[in-house]
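Mind assembling these two chains? They're in different frames, but the hints should get you there.
Same order as they appear, the protein sequences are chains A and B. The opening position of the first sequence corresponds to residue 1 in the working numbering, with each subsequent residue numbered one higher. The opening position of the second sequence corresponds to residue 1 in the working numbering, with each subsequent residue numbered one higher.
Honestly, the hints are just simulated from the structure, not real lab data. Backbone N, C-alpha and C define an ideal beta-carbon position, used for all residues, glycine too. Among the clues, some could well be false.
[What the hints assert, rightly or not] In silico SDA-like pairs for lysine to any residue, Cα to Cα no more than 20 Å straight-line:
#	chain 1	residue 1	chain 2	residue 2
1	B	K49	A	F104
2	B	K77	B	Q45
3	B	K60	A	E102
4	B	K49	B	T28
5	B	K60	B	Y25
6	B	K49	A	E102
7	B	K56	A	E102
8	A	K13	A	D84
9	B	K49	A	V95
10	B	K52	B	H74
11	B	K49	A	Q96
12	B	K52	B	G29
13	B	K60	A	F104
14	B	K49	B	L19
15	B	K52	B	L19
16	B	K52	A	E102
[As the list claims (entries may be wrong)] Residues from chain A shown here face chain B by an in silico Cβ test under 10 Å; the list is partial:
#	residue
17	V4
18	G58
19	F69
One letter stands for each residue in the lines below.
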Amino acid sequence: ETGVTQSPTHLIKTRGQQVTLRCSSQSGHNTVSWYQQALGQGPQFIFQYYREEENGRGNFPPRFSGLQFPNYSSELNVNALELDDSALYLCASSVQGVGTTEAFFGQGTRLTVV
Amino acid sequence: GDSVTQMEGPVTLSEEACLTINCTYTATGYPSLFWYVQYPGEGLQLLLKATKADDKGSNKGFEATYRKETTSFHLEKGSVQVSDSAVYFCALILYSSASKIIFGSGTRLSIRP
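Next up, chain B with everything else stripped away, as it sits in the complex (with noise of 0.2 Å):
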């Protein structure tokens, strides 16, 4: 079945460090890619998406390329902030009848001072 696998976490970096956060999907279609991120006692906001394949999605300086070929979407961000602390979820949607997301496990991001 259609299934999302990223990196475990937890992932603890000191600030101003590079970070990826590795995903991998697998679909029986097309899927659009996401990256979600959830603050500490908040629900889940869209970080950014790409919706086909050699798309890439950007937003508050990080990143992800949506490579069909390795079925791949990694998070990457060139300098880490403490305020980009937070659980980061990888996703994929298949607009069928009902157009249901599929979450990755999650990857908690520590960053420190």
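One chain only, chain A, in its complex shape (with noise of 0.2 Å):
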């Protein structure tokens, strides 16, 4: 058991809605990053928080947003659903600072838009 837990498992949600993804870290851990992995294909990383600030963002737009609390747990928005968004979206801590360690990922949760 990894200890990163996250919420909900799975949703649904309307073309055009907003959702927030909520992740939790493992316990010690100071960073989330969050990651998209659509049906059949490699989870893509849209973007990292450390010490609340986003610390690096991938291939997204803006509407995919996303903020860390000072207890490391973090939410994934995005606003303007589009069907495309239809993806399991995974959450990650790590400890970042001196010797970087591995990341340790949640179940995810299954988000479908219609």
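What follows is the structure in structure tokens.
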């Protein structure tokens, strides 16, 4: 068990709506990264948060945004949902600093946009 | 840009067969290399890793060697089990300002009893 928990596990939204996904990082981890995994593909990096600030971003539009809280948990927000946003969203936590550790992944949130 | 290319699946083998899943990478720096496994309905689990050239990662009977000269990190197992059925992802990470993981497209492995 990795200790990274995500909620909800499944979600169905309508095109144009907004969604918030949540992630609790593993105890002691100060960095959270979010990935989008479309069906049959590898995960794609969305962004990373370290010390409550965005610390790197992949090729995703601004309607994908996030937050990291003082307890290192995180949210991923997606506005104006599109059908192509249907995917498994994975959260990963790690420790960033001297000797960055490996990332541990949560079970993911399966988002379906209809 | 940095990328990972891995053998396309699906791969179907009989129990106790030998497994090789090919993976090659392109990176501007000196990446660490990983194999992740995803069982049905689950998130990603780290299977093994190697952080520098000629390192061999191993776990649960799986092995992969970091080959800088061929930019490869092939996954091998001498005798697969039904419980090894899963999707396997080769990945790299460059520890720059954001330690993002770059994944291959995944290889689905099915093992027949």
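Here is what the structure says about each hint:
no.	hint	in the structure
1	B:K49 to A:F104	holds, 13 Å
2	B:K77 to B:Q45	holds, 17 Å
3	B:K60 to A:E102	holds, 18 Å
4	B:K49 to B:T28	holds, 19 Å
5	B:K60 to B:Y25	violated, 24 Å
6	B:K49 to A:E102	holds, 9 Å
7	B:K56 to A:E102	holds, 16 Å
8	A:K13 to A:D84	holds, 12 Å
9	B:K49 to A:V95	holds, 17 Å
10	B:K52 to B:H74	holds, 15 Å
11	B:K49 to A:Q96	holds, 18 Å
12	B:K52 to B:G29	holds, 11 Å
13	B:K60 to A:F104	holds, 18 Å
14	B:K49 to B:L19	holds, 18 Å
15	B:K52 to B:L19	violated, 23 Å
16	B:K52 to A:E102	holds, 15 Å
17	V4	holds, 8 Å
18	G58	holds, 7 Å
19	F69	violated, 19 Å
The structure fails hints 5, 15, 19 (numbered hints given earlier, in ascending order).
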